[in-house]
Each structure stands twice: as C-alpha cells, then as structure tokens.
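Undergrad: Letter by letter, the chains look like this.
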Amino acid sequence: MCTLAHVFEAAGLATVTISAIRAVAERVRPPRVLHGEFPLGRPLGKPNDPEFQHDVLRRAFALLERESGPVLEDHPEVVIGDEEPLSCTLPPRFDPELALAVDEARGLRKAYDRALAKRGVSDVGKAVDADGVPHALDVLQNIVNGTPWKEAGIPGGHTTAVANDIRAYYEEAALELAGAPDVGGRQVEAWFFERTEAGKLILDVRKALAGQGAPQPVWFFMAPMHRN
Amino acid sequence: MAEQELGDAIIRRQIGGLPVPEFSETAWTPPPLLAEAKVAVVTSAALHPRDGEGFTVSDASYRALDHGQRQLVLGHWSPNFDRSAFGMDYNVVYPLARLDELAEQGVIGSVASTHYSFAGNQPDDVATIRHDSGPACAAELKAAGVDVVFLTPV
Chain A
0 MCTLAHVFEA
10 AGLATVTISA
20 IRAVAERVRP
30 PRVLHGEFPL
40 GRPLGKPNDP
50 EFQHDVLRRA
60 FALLERESGP
70 VLEDHPEVVI
80 GDEEPLSCTL
90 PPRFDPELAL
100 AVDEARGLRK
110 AYDRALAKRG
120 VSDVGKAVDA
130 DGVPHALDVL
140 QNIVNGTPWK
150 EAGIPGGHTT
160 AVANDIRAYY
170 EEAALELAGA
180 PDVGGRQVEA
190 WFFERTEAGK
200 LILDVRKALA
210 GQGAPQPVWF
220 FMAPMHRN
Chain B
0 MAEQELGDAI
10 IRRQIGGLPV
20 PEFSETAWTP
30 PPLLAEAKVA
40 VVTSAALHPR
50 DGEGFTVSDA
60 SYRALDHGQR
70 QLVLGHWSPN
80 FDRSAFGMDY
90 NVVYPLARLD
100 ELAEQGVIGS
110 VASTHYSFAG
120 NQPDDVATIR
130 HDSGPACAAE
140 LKAAGVDVVF
150 LTPV
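Protein sequence lines, in the order shown, are assigned to chains A and B. Position one of the first sequence corresponds to residue 0 (numbering that gives the first Met the number 0), numbered consecutively onward. Position one of the second sequence corresponds to residue 0 (numbering that gives the first Met the number 0), numbered consecutively onward.
Hints were generated in silico from the structure; no laboratory data involved. Just so it is clear, the structure is predicted and the values come from calculations on it, not from any experiment. Treat the hints loosely; a few may be bogus.
Lysine to any residue pairs mimicking SDA-like chemistry, simulated, CA-CA at most 25 angstroms apart [as the list claims (entries may be wrong)]:
(1) 206(A) - 65(B)
(2) 37(B) - 122(B)
(3) 199(A) - 13(B)
(4) 141(B) - 66(A)
(5) 37(B) - 112(B)
(6) 117(A) - 48(B)
(7) 37(B) - 117(A)
(8) 149(A) - 217(A)
(9) 37(B) - 49(A)
(10) 109(A) - 144(A)
(11) 199(A) - 117(A)
(12) 37(B) - 206(A)
(13) 206(A) - 224(A)
(14) 37(B) - 217(A)
(15) 206(A) - 144(A)
Sequences and hints are given; from them, build the entire structure.
TA: What follows is the structure, given as structure tokens:
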C-alpha cells in the first residue's frame with residue numbers, strides 16, 4: 000500500500016494510506032499515512048461499528064488538509080486482538096473409520112453451507128472447493144502418517160492454498176455457528192488452530208513437511224508465523 | 000513472569016524488519032476540496048468476485064471492482080492476518096458503505112464507480128507494481144476522474 004501511494008501520487012492522485020505495520024510506513028514514507036494499531040486484517044479497526052469506521056475515515060481524510068509531507072499520524076485508539084479461542088461447538092465424532100479431522104470437517108458442512116447462503120460468497124476455492132476439504136485433510140493426514148509429500152497427491156499441488164481453503168471453510172462455518180456480530184482479532188484463528196482437529200493437523204503437517212526436507216515455502220505459509 | 004507477546008505484535012515485529020522499497024523523495028499531489036473530490040478505494044486485500052480471476056502467489060496485477068459488487072473473495076495468500084472481520088463486515092477492509100454515507104452527507108464529493116484491488120503478498124522490490132501495474136492502475140483512476148485514493152491493507 001505504501002508503495003502504491005508513491006506511485007499514485009506521482010501520477011497526480013492525492014492519496015491517504017491506512018498503515019497496519021508502522022515500521023514499514025516509517026521507512027517507505029508515503030505522502031499521508033494514518034497508522035491504525037488495530038488487529039491485522041482490520042484496517043478500519045472494528046467490524047460492524049460504523050461510528051468507529053467513520054472516525055478512522057475522518058482522521059485519515061483530515062490529512063489531506065496538510066500542505067506538505069510526508070505525514071504519518073497514529074489513530075489514538077489501540078485495538079488489541081483478542082486471542083481467546085472463539086466459543087464454538089464442534090460436531091461430535093460420527094464415523095470412527097475416518098480420520099478425526101475428516102470426520103470433523105464433514106460435520107461442519109451444514110454450518111458452512113448456511114454461512115455461504117447468507118454471505119453469498121466464500122473464500123474457499125484456491126485449491127479445493129468445499130466438497131474437496133475432507134479429501135484435502137485426508138491427504139494431509141497421510142503426510143503426517145509418513146507418506147512422502149511429493150507422493151501424497153496434494154490438491155492443486157500447493158500446500159499453502161490447501162491450508163488456506165481448509166481454514167476458510169472452518170472459519171466461515173465457525174462464524175455461522177457462533178452467531179456473534181463481532182469477534183476479536185484472533186479469536187477465530189485461535190479456535191481453528193487450538194480447538195479443531197484440522198487446525199492441529201495443519202500444524203502437525205508443517206512439522207512433518209519440514210522433517211521430510213520440504214523447502215521452507217512449502218510448509219511455512221500454511222499457518223501464521225507465530226504458531227510454530 | 001513476562002507477559003506473552005501477542006500474535007499481531009510478533010508479526011508486526013517480523014514483517015516490520017523485512018526489506019522495503021526505498022524512495023528518494025515523496026511525491027505530493029495537492030487534493031481538491033474534500034467536499035468536491037471523487038474518492039476511490041484501492042486495497043491490497045486481493046479482493047475479487049468468485050467468478051472473476053483470482054490472484055496467484057506474488058501476483059502483481061490488479062482487478063477492477065464495480066462499486067455495486069459487494070460479494071467478494073478475500074484472495075490474499077498470507078495466513079498472518081484476521082480474515083473473520085471481512086466475513087462479518089466488508090467495510091472493515093473495503094469501506095464502500097461508509098464512503099456512500101460520506102457522499103450523501105456532502106463530506107466528500109462523490110464515490111468512484113470503480114475501485115481496485117492488488118495482492119499485498121509481493122516480492123520485496125515490488126518492481127512490477129512500481130513500474131507497470133501501479134502506473135497502469137493510476138492511469139485508469141485518473142481517466143475516471145478520481146481525485147483521492149483511500150488505500151487499505153490487510
């Protein structure tokens with residue numbers, strides 16, 4: 000974003016940038032920046048809070064009144080990302096013949112479908128669609144169980160895409176099940192990686208891939224960098 | 000006992016230390032009065048319609064988004080940020096409803112009919128965005144009469 004601000008401004012457009020990582024904005028020095036110390040992924044600060052979002056916009060647009068720059072200001076409110084796992088019931092074990100995560104994913108399908116019907120769009124789809132999520136989990140379980148990763152048949156051949164789709168499927172179902180108008184910045188992520196079999200499996204797969212000698216980009220981006 | 004460092008703080012510290020593009024000077028374009036300005040949103044969230052072209056890893060291209068299109072995929076590849084908020088309220092990343100309200104109130108002149116999305120997961124030098132796709136997007140914004148661009152990351 001900071002780079003685009005330079006490019007746009009040089010082309011004759013006035014820009015205001017919301018910054019998520021202050022250290023980057025300080026070094027790239029785009030023309031006008033309002034830094035928001037908000038949970039990453041929430042540049043307007045708070046979902047379903049029009050008043051707060053308008054406050055961010057008002058402070059950002061006020062920077063357009065400056066006669067020279069670069070200018071970097073901070074939004075005065077810091078919003079800390081809650082890392083307490085979302086309170087969200089998981090489906091009971093149904094088919095003991097299936098791997099835990101596969102059984103779990105199947106049990107969440109109705110919630111996922113309801114979420115999709117409400118929102119009208121889903122982030123699942125980089126490597127697999129919702130129908131492909133249980134199979135993708137089965138493939139990951141096989142890698143943990145010792146199948147060489149190059150022979151495992153990773154859908155789309157891309158571990159990051161697969162992890163992205165599995166997590167999106169779960170998180171969209173979780174928001175539907177929780178039914179809350181707002182949840183903290185990392186509550187859904189914490190629920191996924193700490194409470195679900197799929198999340199734990201992805202963390203295990205990262206270790207298994209590293210143990211098999213897979214290149215770092217193959218496993219590193221399957222989960223947030225602070226979840227080693 | 001030391002307090003455990005939160006995920007956002009760890010990620011900010013690590014990404015904040017990565018190489019960034021350097022600019023010898025900061026360009027500066029004076030805007031018109033805000034109440035007369037046409038405003039567009041450009042986001043690095045890699046937003047795209049489900050039936051539109053998605054973004055690949057390190058994709059330096061961009062997508063034009065119609066103002067009326069609100070059912071959008073958050074196509075960014077990074078696992079490091081919260082995706083739930085966008086699922087609950089797109090305005091927290093892509094504040095079109097808020098801009099519409101500001102236009103109705105006369106705070107801004109108007110809202111552009113087309114907005115743009117890039118993918119934030121870029122090579123460190125962001126060369127293509129600096130020299131190719133960024134200027135091309137700027138030309139489209141200029142051609143549409145946009146005065147002010149509001150940039151949001153995820």
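Undergrad: Taking the numbered hints from earlier one at a time, note which ones the structure violates and give those numbers from smallest to largest.
TA: 1, 2, 7, 10, 11, 12 and 14
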